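Colleague: So you can see what is in the structure, the chains are spelled out below.
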Amino acid sequence: MTAIHLENLGKTFGSFTALKNMNLEIADGEFVALLGPSGCGKSTTMNMIAGMIDPSEGAIRFGDRDMRGVPMSRRGVGFVFQNYAIFTHMTVYENLAYGLRATGVAKAQRDRRVHDMAEFLHLTPLLKKPSAGLSVNILQRLAIGRSAIMEPAIFLLDEPLSNVDAAFRAVMRTELKHLQREFRQTMVYVTHDQLEAMTMADRIAVMDHGKLLQVGTPIDVYNNPSSVFVAGFLGSPGMNLVKGRSVEAGGFIRVDLGEAGMSTPLPAHLSASVPEGASVFYGFRPEHCELTDGEGLRLPVTFVERIGARTIVHMGSDGSAVKCVFDNRVPVRNGEVVSLAIDPSNVRVFDAETGAAIGGAN
Amino acid sequence: MTADILEAKAEPVEHEDTRDSRRLGFSLTLPAQLLILFIAVFPILMQIYISLTDWSPLDGISWWQAHQLWNGFANYTDLVADDRFWSALWRTVLVMAICVPAEFLLGLGLAILFVDNFPGRGFLYSVLLVPMMVVPAVAGYMFFMLFQSGGPVNDILSFFYGAPVTIAWLSDPDLAFFAVIASDIWQWTPLMFLILLAGMVGVPEDQLRAATLLGASWTTRFRTIVLPRMKTIIIIALAIRVIENFKVFDNFYIMTGGGPGVATETISIYIYKVTQQELIWGYVAAVALVILISLSVVSAFAIKRMSQSREAG
Chain R
1 MTAIHLENLG
11 KTFGSFTALK
21 NMNLEIADGE
31 FVALLGPSGC
41 GKSTTMNMIA
51 GMIDPSEGAI
61 RFGDRDMRGV
71 PMSRRGVGFV
81 FQNYAIFTHM
91 TVYENLAYGL
101 RATGVAKAQR
111 DRRVHDMAEF
121 LHLTPLLKKP
131 SAGLSVNILQ
141 RLAIGRSAIM
151 EPAIFLLDEP
161 LSNVDAAFRA
171 VMRTELKHLQ
181 REFRQTMVYV
191 THDQLEAMTM
201 ADRIAVMDHG
211 KLLQVGTPID
221 VYNNPSSVFV
231 AGFLGSPGMN
241 LVKGRSVEAG
251 GFIRVDLGEA
261 GMSTPLPAHL
271 SASVPEGASV
281 FYGFRPEHCE
291 LTDGEGLRLP
301 VTFVERIGAR
311 TIVHMGSDGS
321 AVKCVFDNRV
331 PVRNGEVVSL
341 AIDPSNVRVF
351 DAETGAAIGG
361 AN
Chain D
1 MTADILEAKA
11 EPVEHEDTRD
21 SRRLGFSLTL
31 PAQLLILFIA
41 VFPILMQIYI
51 SLTDWSPLDG
61 ISWWQAHQLW
71 NGFANYTDLV
81 ADDRFWSALW
91 RTVLVMAICV
101 PAEFLLGLGL
111 AILFVDNFPG
121 RGFLYSVLLV
131 PMMVVPAVAG
141 YMFFMLFQSG
151 GPVNDILSFF
161 YGAPVTIAWL
171 SDPDLAFFAV
181 IASDIWQWTP
191 LMFLILLAGM
201 VGVPEDQLRA
211 ATLLGASWTT
221 RFRTIVLPRM
231 KTIIIIALAI
241 RVIENFKVFD
251 NFYIMTGGGP
261 GVATETISIY
271 IYKVTQQELI
281 WGYVAAVALV
291 ILISLSVVSA
301 FAIKRMSQSR
311 EAG
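Residue numbers (the working numbering), protein chains in the order written: chain R, 1 to 362; chain D, 1 to 313.
Calculated directly from the structure, the hints in this document are not laboratory data. Hints are not guaranteed to be accurate.
To be verified - Heads up, simulated DSS-like pairs for lysine-lysine below, C-alpha to C-alpha not over 30 Å straight-line:
(1) R:Lys107 x D:Lys231
(2) R:Lys128 x D:Lys273
(3) R:Lys129 x R:Lys177
(4) D:Lys304 x D:Lys231
(5) D:Lys304 x R:Lys129
(6) D:Lys231 x R:Lys129
(7) R:Lys128 x D:Lys247
If you're wondering where the values come from, they're calculated on a predicted model, not measured in any experiment.
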């Protein structure tokens, strides 16, 4: 009953298309993250699920039920706002009890449910306190509790961690995931932070410019991006994409990467699907390169970025700019030309014109 | 670090110069202090002095010689026994009790209509604010003419009634009271509307959406989110109108001159009449002083409540 189906969903504001042809099935109890840069349509999608705005085209169904024309007060959707939207003129108790009161739940039951929820979220000592001036982590728990107490089948979270500092964000990621396991609700989580999406979601839906680009488990999307956008957006730094041309040599396809030299032969499944003489992007993750004394891509080091645990080495320039992640004692200097060995099984190839991945997962 | 050094240097210097800087500050603000002394403190002292005498400008002595006509607290005891004073005071409170809630409710209703955008909103908004811009004396003449026996109000009534209506609005005590109140509501509802709309627009959209998603109806949202969030601004709007309304004069005086009889005589009109027509200034000074003190007490109470509610909310 609580699965969400988005069918050919679209939204235009005047001449601006915020969302186009979105098709997504979110299963009952699933945690899906809508991930993308600002303006990609993720919040528009979320607001349409909540009923704050009406779709220009397509349909939203909760289970079998078409939600067209159902007002947001009747959708039974829990929503946690980016700024939490706590009623600061009320106490913590009044905030938690708000929905129960508005829908006419009897006082005794209301009281019991508020206390249960407060106990669960460690808010009991604060119940009588005014909610104005509470710290961000408490406000956030309160915002979640205020929605969760209504036992909504669907829970929507709109960038709930973007106002929180980095250290606390890590704590909240774990806590939110834990809460979702407890509540067992269908959760849709909007974020532009890939770390949040990767760590919490069962599946990630990557969006850009109003289009849904790829849906899959975090690891699958990370390992097998369907397009250059997803490849570059996920990962920090993103996937290296070096422009080149495919050439055939001894039954296998190699990629001529210009100044950087010739790649090692592509694995069999890629060799089979990459046509010869095509303009492609040769993609590999920064953590899949190794320095070698033997044969490899030859690139000049342009910048060495030491970030503590690891060192990010920037190499090459323009079309052949590459970033690689090594441990923090890597012996490279600016200007030095290094030789890089790339694990062929982790290489991905993209069509340079369409940006789409060529060949499936290995 | 630079700030630390500056502070460390500044501190001893400040101690040495405290007396000099105080003197400098005093001499710099002296003109303003003298001005305030002359426009606020001095007239009040003068008023207190005159209120303790029987002085009138017709007595042929200057006001500072009024002690020759010293009558102690006789003006104040007269005041307690002055029926006309009490009736004017009671009428002023009655006007306030009708006008302020009416203006508040109308202003609130209009604010609700105008909080969301609709075609023509900007134009209608400007039109609604016009009454507030009209000079009260002009508004008084407008309503004076509207409510003439042969005026537009009767014309409209005739149209609906089907026969000529010749109600003498401003000569009938009850109808005159209704007419002056109508003019006040017409003129000052826009101010209420303006202030309340500003407050209503300031209610955070996300909180209203959050309440809606929690299943709250429009009336519940209005009662639990909009009104509490507007509390401070509502108190301010009411305080402004209560104080202003207490001083109401122009349109009332022009429309009816306080009449017929004393049917529309408010405290301001009463004071004006006693001053200008009866010329017993010692008594007027006492009346005005009592009004000033009671109004100050009410205002101080309102301001205190206001700051309390701001701390709480």
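Colleague: So, for every hint listed, does it hold in this structure?
Modeller: Results of checking the hints against the structure:
no.: 1; hint: R:Lys107 x D:Lys231; in the structure: holds, 27 Å
no.: 2; hint: R:Lys128 x D:Lys273; in the structure: violated, 57 Å
no.: 3; hint: R:Lys129 x R:Lys177; in the structure: holds, 27 Å
no.: 4; hint: D:Lys304 x D:Lys231; in the structure: holds, 14 Å
no.: 5; hint: D:Lys304 x R:Lys129; in the structure: holds, 23 Å
no.: 6; hint: D:Lys231 x R:Lys129; in the structure: holds, 20 Å
no.: 7; hint: R:Lys128 x D:Lys247; in the structure: violated, 44 Å
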